[in-house]
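From just these sequences and the hints, can you work out the full model?
If you read the sequence shown in our numbering, its first letter stands for residue 1, the second for the next number, and so on.
Note that these hints are calculated values from the structure, not bench results. Cβ coordinates follow ideal geometry from the N, Cα and C atoms, glycine included. Accuracy of the hints is not assured; some may be wrong.
[Said to hold, decoys possible] Derived DSBU-like pairs (lysine-lysine); straight-line CA-CA distance at most 35 angstroms:
#1 Lys221 / Lys7
#2 Lys125 / Lys7
#3 Lys59 / Lys7
#4 Lys125 / Lys221
#5 Lys16 / Lys125
[Claimed, not checked] Per label pair, the in silico range of CB-to-CB distance:
#6 Gly46 / Arg198: 39 to 47 angstroms
#7 Gly122 / Pro58: 42 to 50 angstroms
#8 Arg293 / Asp8: 28 to 36 angstroms
#9 Arg289 / Glu200: 13 to 21 angstroms
#10 Glu200 / Thr71: 15 to 23 angstroms
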Amino acid sequence: MTELRTKDEHTEAIRKDRRVAVVVNTRSRRGRRHYFEVIEQIHNLGFEPLAELSVYNPKRLRELLDTALATEPDLLIVGGGDGTLSSAVRHVAHRDVALGVLPLGTTNNFARSLGLPLDLAGAIKVFETGKVADIDLGLADDRPFANLASFGVSVEVAGRVKPWLKRIVGRPAYPLTALTILPGHTPFRAFITVEGQRHELLTHQLNIANGRFHGGWQVAKDISIDNGMLVAYQLGSGKKLRLLGETLLRATTGRWRSLAGGPFVTGREMLLETEPPMAADVDGEVRLRTPIRLRVVPNGVRVMVPSSFEDN
Numbered sequence: 001m002t003e004l005r006t007k008d009e010h011t012e013a014i015r016k017d018r019r020v021a022v023v024v025n026t027r028s029r030r031g032r033r034h035y036f037e038v039i040e041q042i043h044n045l046g047f048e049p050l051a052e053l054s055v056y057n058p059k060r061l062r063e064l065l066d067t068a069l070a071t072e073p074d075l076l077i078v079g080g081g082d083g084t085l086s087s088a089v090r091h092v093a094h095r096d097v098a099l100g101v102l103p104l105g106t107t108n109n110f111a112r113s114l115g116l117p118l119d120l121a122g123a124i125k126v127f128e129t130g131k132v133a134d135i136d137l138g139l140a141d142d143r144p145f146a147n148l149a150s151f152g153v154s155v156e157v158a159g160r161v162k163p164w165l166k167r168i169v170g171r172p173a174y175p176l177t178a179l180t181i182l183p184g185h186t187p188f189r190a191f192i193t194v195e196g197q198r199h200e201l202l203t204h205q206l207n208i209a210n211g212r213f214h215g216g217w218q219v220a221k222d223i224s225i226d227n228g229m230l231v232a233y234q235l236g237s238g239k240k241l242r243l244l245g246e247t248l249l250r251a252t253t254g255r256w257r258s259l260a261g262g263p264f265v266t267g268r269e270m271l272l273e274t275e276p277p278m279a280a281d282v283d284g285e286v287r288l289r290t291p292i293r294l295r296v297v298p299n300g301v302r303v304m305v306p307s308s309f310e311d312n
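So this is what it looks like as C-alpha cells:
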C-alpha cells in the first residue's frame with residue numbers, strides 16, 4: 001500500500017505546489033456546457049493543470065483517469081455525475097492523491113455527501129480554501145463504491161430513465177420513471193445478516209448506503225460518509241402504494257428520520273441474500289447479483305472538502 005502523507009501535509013502541498021489534473025465527463029448533464037468555464041475558473045485560481053482531459057466517450061473514462069494520474073498530481077479534479085465520480089473513487093482509493101469533485105450530474109449525491117457547494121464557482125473555490133479529508137469506501141464483494149448499492153425498482157429505473165428527461169426536469173426524472181415501472185413490479189424478500197443477526201423484509205426497494213444522499217435527498221438526518229458504517233433501509237414495504245407514498249413524501253418534504261428511530265439496519269459488514277436472486281445497482285453500474293457481502297473500509301479515499309467538513 002502507498003505510504004500517505006498526513007492530511008495537513010497533503011493540503012499544504014495542494015495549496016503551495018498546485019499540482020492538479022482535470023478530467024471532465026462532457027457527456028454528463030452539465031459537463032459539455034461548462035467544460036471551458038471549469039478550465040478557466042481553475043486557471044483563475046492560479047492552478048496550471050498537468051492534464052486537462054474531456055471525456056466524450058464514456059468507455060474511455062477509466063483510460064483518461066489513468067492518463068491524468070500518470071502526471072502524479074496531488075489533486076485529481078473530476079467533473080461529472082455520480083457514476084463518473086464513483087469510477088474516480090475507485091482509481092484514487094488508498095493512493096496519495098486527493099479527489100476534487102465538480103458536481104455536474106443530475107442528483108450529485110456524492111458531492112452532497114461531502115457538503116460541497118453545488119454551484120461550479122463554489123465547488124471550484126474549495127480546491128483553494130478547503131482541506132484534504134479521508135472518507136469511507138464501500139465494498140460490494142470486491143467492487144468499491146462511494147455512495148450506494150440498490151436493489152429492486154431503482155435498478156430498472158436506472159436502466160430506463162431517459163437522458164432527455166433528466167436534462168429537462170433533473171432529479172424528479174427518477175420518481176417519474178418509477179411510476180411507469182411500479183405497477184408491474186413484483187416485491188422480493190431480502191435477508192440482511194449483520195453481526196450474526198438476520199433481518200428479513202418484504203419490499204420493492206432496498207438500499208445500502210455508504211454516502212448520505214440518495215436521489216438528491218438525505219437518507220437520514222444523522223447519517224455520514226465518514227462514520228465507518230453502512231446503512232440498509234427499505235422504501236415502503238411489499239405494498240406498491242406504500243412505496244409510492246413514502247417516496248413522494250420524502251421527495252417533496254425531505255423528512256428523514258434519525259438512524260436511531262428509523263427503519264434502518266447499520267453495520268460495518270452485511271451479507272445480503274434475496275429471493276429471488278437479484279441484480280445490484282452499485283453506484284450506477286449493474287454488474288453484481290445477490291448474494292452479496294458488503295463492507296466498509298474506513299478512511300479509504302482522500303477527497304478535497306470544505307474546511308467545515310467534520311473529518312472523523
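Tested hints:
no. : hint                                : verdict
1   : Lys221 / Lys7                       : holds, 27 angstroms
2   : Lys125 / Lys7                       : holds, 19 angstroms
3   : Lys59 / Lys7                        : holds, 33 angstroms
4   : Lys125 / Lys221                     : holds, 26 angstroms
5   : Lys16 / Lys125                      : holds, 15 angstroms
6   : Gly46 / Arg198: 39 to 47 angstroms  : violated, 55 angstroms
7   : Gly122 / Pro58: 42 to 50 angstroms  : violated, 26 angstroms
8   : Arg293 / Asp8: 28 to 36 angstroms   : holds, 35 angstroms
9   : Arg289 / Glu200: 13 to 21 angstroms : holds, 19 angstroms
10  : Glu200 / Thr71: 15 to 23 angstroms  : violated, 50 angstroms
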